[in-house]
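Asker: Sequence:
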Amino acid sequence: MLTKEFFERHPLTCATELIGCQLVWERCSGVIVETEAYAAVGDEACHTFLRRGAQRFVDTHPAGTAYIYLNYGIHWLVNVLIKGGGSNGFVLIRALEPRTGLEKMSERRKLDDPRQLCSGPGKLTQALGIPATFHGSNLCHDPRKSFHAAVPAESAMGIVQDVRIGISRAAELPWRFLAAGSRYVSKAPTRQASALDRSILPGA
DNA sequence: ACACGGATACTA
DNA sequence: AGTATCCGTGTC
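When we follow the numbering used here, the leftmost residue of the first sequence carries the number 831, and every step to the right adds one.
The hints are all genuine.
Calculated pairs, BS3-like style, for lysine-lysine (alpha carbon to alpha carbon, straight line, at most 27 Å): (1) Lys1017 to Lys934; (2) Lys1017 to Lys940; (3) Lys975 to Lys834; (4) Lys940 to Lys975; (5) Lys975 to Lys934.
Bear in mind the hints are in silico, worked out from the structure with no lab data behind them. Bear in mind the structure is a predicted one, so any value in this text is a computation, not a measurement.
Please build the complete structure, drawing on both the sequences and the hints.
Answerer: Spelled out as structure tokens, the structure:
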């Protein structure tokens, strides 16, 4: 299980390393194939830029806390708080390749195609059955509600970086990360996507 | 292409 | 109070 220390690094480091890791929620799990990084300072797309409560959330919670919010009045989106690595922020979990509990996911999503179960941030929250009430709780305490390290085959998987999706401010930052070639992402990489440039990562 | 839908943060 | 905005999905 990934511990708090994992999330006490730069948001970009966490967002790239989470690709290939597993997100486990009770009986359901999947391999993370798409993430986005948000920085609490200097990133106008981060909630901390406009929402007073978001900055307070960062100040009053430890690394690894779930930040779950309602978007467009319909969809709950799951982020993980990144804190203590010099630059605070969040990683949005955008898509999973389902691994266990597919029947339960299909029941919640009311469809069967494995590629449509978790291929989007709102979809995966619904498929795993993560409740909004988990907002503010920590994802490093209970192994059944946590992240798990990538197996070697998946950590060796290539990573593609691209611009983030659905935002209006700071839309040019290439802070969306995808498992190369994955058929389970929310949206295929755009033309400006490229192989991960590790020089963007602190300490690289 | 477009409707759906509610929390948050502004204006008065 | 009312308005603008928002890290999306399913169906038209």
